[in-house]
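First to last, the protein sequences are chains A and B.
Counted from 1, the first sequence has number 71 at position 71 by the working numbering; the numbering is strictly sequential.
Counted from 1, the second sequence has number 67 at position 67 by the working numbering; the numbering is strictly sequential.
Hints may contain errors.
Chain A is nowhere near these chain B residues, computed Cβ spacing over 12 Å in every case [claimed, not checked]:
1) Lys11
2) Tyr33
3) Lys43
4) Asn53
5) Trp64
6) Val70
7) Ser141
Some residues of chain B that are not near chain A, with every Cβ distance over 10 Å (derived) [stated by the list, open to error]:
8) Glu2
9) Leu22
10) Lys39
11) Tyr98
12) Gly99
13) Gln100
14) Lys138
With a cut-off of at most 25 Å between alpha-carbon atoms, the simulated PhoX-like pairs for lysine-lysine come out as follows [claimed, not checked]:
15) A:Lys214 / A:Lys236
16) A:Lys135 / B:Lys138
17) A:Lys138 / B:Lys32
18) B:Lys11 / A:Lys138
19) B:Lys24 / B:Lys11
20) B:Lys43 / A:Lys138
21) A:Lys200 / A:Lys236
22) A:Lys152 / B:Lys146
23) A:Lys152 / B:Lys32
24) A:Lys188 / A:Lys211
25) A:Lys358 / A:Lys138
26) A:Lys152 / B:Lys78
Calculated directly from the structure, the hints in this document are not laboratory data.
Note that the Cβ used here is the ideal one computed from N, Cα and C, for glycine as well.
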Amino acid sequence: MKETKVVCPKCGASIAIPEHESFTAGIAIGKDSGLGTVTLPLESENNSISKNRTAMKASKKIEAMKAAGIDVTNLFAVTNAEGVESIARLENGGLTILADNDPIIIAIFKGGTVPNRRLFRRWVMAQVFHMLTQKDWKTGKPVGFLNALQAKGFCYSWEMLIEEIRIQAKLEMLDQENFIQRNRWFNKNVAGAMAADYLKQLNEHVEQRKKKCKRCKGTPYITLNGNNIFVDDLRKKVFNPLERCARLIKDAKNMTDLYRAAVGFYQIVKEMYSPYSLVMSPAFKDAYKGAGGYFTMRNLIMFHGCKMLSSKGNPLVESSSLRELDKLAEVYKNGEGWRMFGAMKELIVNNGIDIEAKMNEWRSK
Amino acid sequence: MENIWNEAQEKVHNGSTFRINLEKRDLVIDGKYIIKDGKYEGKLGYDTKFPVNALLAMVEEYYWEYLHSVPSARSEAKYRRYFRALPEHELSEEDMLYGQHRDITQLRLELFILIAIIQNTLIWDEFAKGKWFWQSKKHPSLVLLKQWIEINN
Numbered sequence: 001m002k003e004t005k006v007v008c009p010k011c012g013a014s015i016a017i018p019e020h021e022s023f024t025a026g027i028a029i030g031k032d033s034g035l036g037t038v039t040l041p042l043e044s045e046n047n048s049i050s051k052n053r054t055a056m057k058a059s060k061k062i063e064a065m066k067a068a069g070i071d072v073t074n075l076f077a078v079t080n081a082e083g084v085e086s087i088a089r090l091e092n093g094g095l096t097i098l099a100d101n102d103p104i105i106i107a108i109f110k111g112g113t114v115p116n117r118r119l120f121r122r123w124v125m126a127q128v129f130h131m132l133t134q135k136d137w138k139t140g141k142p143v144g145f146l147n148a149l150q151a152k153g154f155c156y157s158w159e160m161l162i163e164e165i166r167i168q169a170k171l172e173m174l175d176q177e178n179f180i181q182r183n184r185w186f187n188k189n190v191a192g193a194m195a196a197d198y199l200k201q202l203n204e205h206v207e208q209r210k211k212k213c214k215r216c217k218g219t220p221y222i223t224l225n226g227n228n229i230f231v232d233d234l235r236k237k238v239f240n241p242l243e244r245c246a247r248l249i250k251d252a253k254n255m256t257d258l259y260r261a262a263v264g265f266y267q268i269v270k271e272m273y274s275p276y277s278l279v280m281s282p283a284f285k286d287a288y289k290g291a292g293g294y295f296t297m298r299n300l301i302m303f304h305g306c307k308m309l310s311s312k313g314n315p316l317v318e319s320s321s322l323r324e325l326d327k328l329a330e331v332y333k334n335g336e337g338w339r340m341f342g343a344m345k346e347l348i349v350n351n352g353i354d355i356e357a358k359m360n361e362w363r364s365k
Numbered sequence: 001m002e003n004i005w006n007e008a009q010e011k012v013h014n015g016s017t018f019r020i021n022l023e024k025r026d027l028v029i030d031g032k033y034i035i036k037d038g039k040y041e042g043k044l045g046y047d048t049k050f051p052v053n054a055l056l057a058m059v060e061e062y063y064w065e066y067l068h069s070v071p072s073a074r075s076e077a078k079y080r081r082y083f084r085a086l087p088e089h090e091l092s093e094e095d096m097l098y099g100q101h102r103d104i105t106q107l108r109l110e111l112f113i114l115i116a117i118i119q120n121t122l123i124w125d126e127f128a129k130g131k132w133f134w135q136s137k138k139h140p141s142l143v144l145l146k147q148w149i150e151i152n153n
């Protein structure tokens, strides 16, 4: 069937008409209709028709605002007699309709920046700043970023990874853009490398223990985290289950699979051997630096007026800085997170930010 | 402890857990009593012999640091707290970036009050006679209860 079109005889512009044919009661317009000048909307201007403007349902708008961290407890989706949905705000006992030109709604739907910094991982930036300036209590000297990370304990690395994978599993379905940004640093390869590194450290520990193993009725056994295990049973009870989980991590097809495999692996880790001082995997440290550097830079560029420099050394505007940042991230994503961290330090220096001076200034308020 | 004020802060800075009970005059770090019923070994490490107005001004300063401190999962999991600090979503960008850790600011605030109580320098009748609570004018969310300071009230 041919598509029906109404066009202007002069310029050929398409006049907007409804999607579907319907029965309506109406009148034919004549010169004596007394309607004044009637302007027909063009198809290309369809978005300006008020019915289409409300195409995004009020309840969905409220959901979007909620996701943006805005308090929506006094907002309601209401429908008037004509079936047009609006958002109403309950204030001092009265209900007021929130106009579509409300600044918050405009800010969200114009596709610009959502006016809520929590969405932009400010925790990451705060943590990076604190870890960069962490000092030894007695000497007052900076401990260094990696020492500050190791001071969180070995278990932190797995707990943080699992939480990150859990969130990524959700983002993979709902928000590809954010998923890509986060998956660059913490992904299947990092989890696999962490598992392999743990198995290596566990093996070394077990070999050390075997040298001084105890005996039960002549059968040698060792103790792992309070569990007595016969040396002959080590493979069956400790290494095989761990290796099976490590294989599941490597073979994971999506983040949900990876999450399950990582949780399974960490459960055995906690049961068997997870001392506080066990060295974190280099793959984790690198990913941590990469993610820390990347998201801190994004935050600095978007909210603190920091600018990246072009190859000629000229400061770039915000959008170009972000593009440049993403280019860097793509280059450094596979095991070169430490370079991203270096780029972050450079950005901080180039933009004249002295974290320690700012901290002292803030604390002496 | 040779110097309770300094060493307690160092321990909490390095990850130790602590609990202060103002009514009972207790300080517990990592499950061990450092101050019990107002009695302790070593020195408190802080001399609070100041006029009561100066003491309250210092309490307000420690409270401001606590109010704007950066929370952690552990600090937020604490069941009992004497004072309210700002939740994460109410903290400004500067608070998040430059604020101190909540645990250590909480320790400073509560331990300072405990030391002042033990040294008998924070005398209730000198700043809130006839009242059962004192509220700071500078930070209205800072409230001291008489029952914390005077045991037999």
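Quick rundown of the hints versus the structure:
Chain A draws B:Lys11 into its interface by the beta-carbon criterion, the shortest separation being 9 Å against a cut-off of 12 Å. Every CB of chain A lies more than 12 Å from the CB of B:Tyr33, the least distance being 22 Å, so the non-interface label holds. No beta-carbon of chain A comes within 12 Å of the beta-carbon of B:Lys43; the shortest separation is about 18 Å. B:Asn53, annotated as away from the interface, keeps every beta carbon of chain A farther than 12 Å; the closest lies near 21 Å.
Look at B:Trp64: its CB is around 8 Å from the nearest CB on chain A, not clear of 12 Å, so calling it non-interface is violated. Residue-level check failed: B:Val70 sits 6 Å from the nearest beta carbon of chain A, not beyond 12 Å. Distance check on B:Ser141: its Cβ is at least 17 Å (rounded) from any Cβ of chain A, clearing the 12 Å threshold; non-interface status holds. Chain A leaves B:Glu2 outside its interface by the beta-carbon criterion, the shortest separation being 14 Å against a cut-off of 10 Å.
For B:Leu22, the shortest C-beta to C-beta distance to chain A comes to about 25 Å, beyond the 10 Å cut-off, and the non-interface label holds. Listed as outside the interface, B:Lys39 is consistent with that label: its C-beta sits roughly 26 Å from the nearest C-beta of chain A, beyond the 10 Å cut-off. Chain A draws B:Tyr98 into its interface by the beta-carbon criterion, the shortest separation being 4 Å against a cut-off of 10 Å. The claim that B:Gly99 is not at the interface with chain A is violated, since a C-beta of that chain comes within 10 Å of its own (minimum 7 Å).
Not every beta carbon of chain A lies more than 10 Å from that of B:Gln100, the smallest distance being close to 7 Å; the non-interface claim is violated. For B:Lys138, the condition that its CB be more than 10 Å from all CB atoms of chain A holds, with the nearest at approximately 13 Å. Distance check on the hinted pair: A:Lys214 and A:Lys236 sit about 19 Å apart at the alpha-carbon level, within 25 Å; holds. A hinted pair counts as satisfied when its Cα atoms are at most 25 Å apart, and A:Lys135 with B:Lys138 does not qualify at roughly 32 Å.
For the given pair, A:Lys138 sits about 22 Å from B:Lys32 by alpha-carbon distance, which is consistent with the 25 Å threshold. Proposed proximity of B:Lys11 and A:Lys138 is supported: the alpha carbons are some 11 Å apart, at most 25 Å. Proposed proximity of B:Lys24 and B:Lys11 is supported: the alpha carbons are some 22 Å apart, at most 25 Å. In summary, the hint linking B:Lys43 to A:Lys138 is supported, as the alpha carbons are separated by about 19 Å, within the 25 Å threshold.
The hinted pair formed by A:Lys200 and A:Lys236 meets the criterion: a straight-line CA distance of about 17 Å does not exceed 25 Å. Restraint check: the Cα-Cα separation between A:Lys152 and B:Lys146 comes to about 39 Å, which exceeds 25 Å; the hinted pair is violated. Of the pairs offered as hints, the one joining A:Lys152 and B:Lys32 holds, with about 23 Å between alpha carbons and a cut-off of 25 Å not exceeded. With a CA separation close to 35 Å, the supplied pair A:Lys188 and A:Lys211 exceeds the 25 Å bound.
Taken as a hint, the A:Lys358 and A:Lys138 pair is honoured in the structure, with Cα atoms around 22 Å apart against an allowance of 25 Å. Note on A:Lys152 and B:Lys78: the hinted pairing holds, with a Cα-Cα distance of about 19 Å set against a maximum of 25 Å.
Consistency note: the structure conflicts with the earlier hints numbered 1, 5, 6, 11, 12, 13, 16, 22 and 24.
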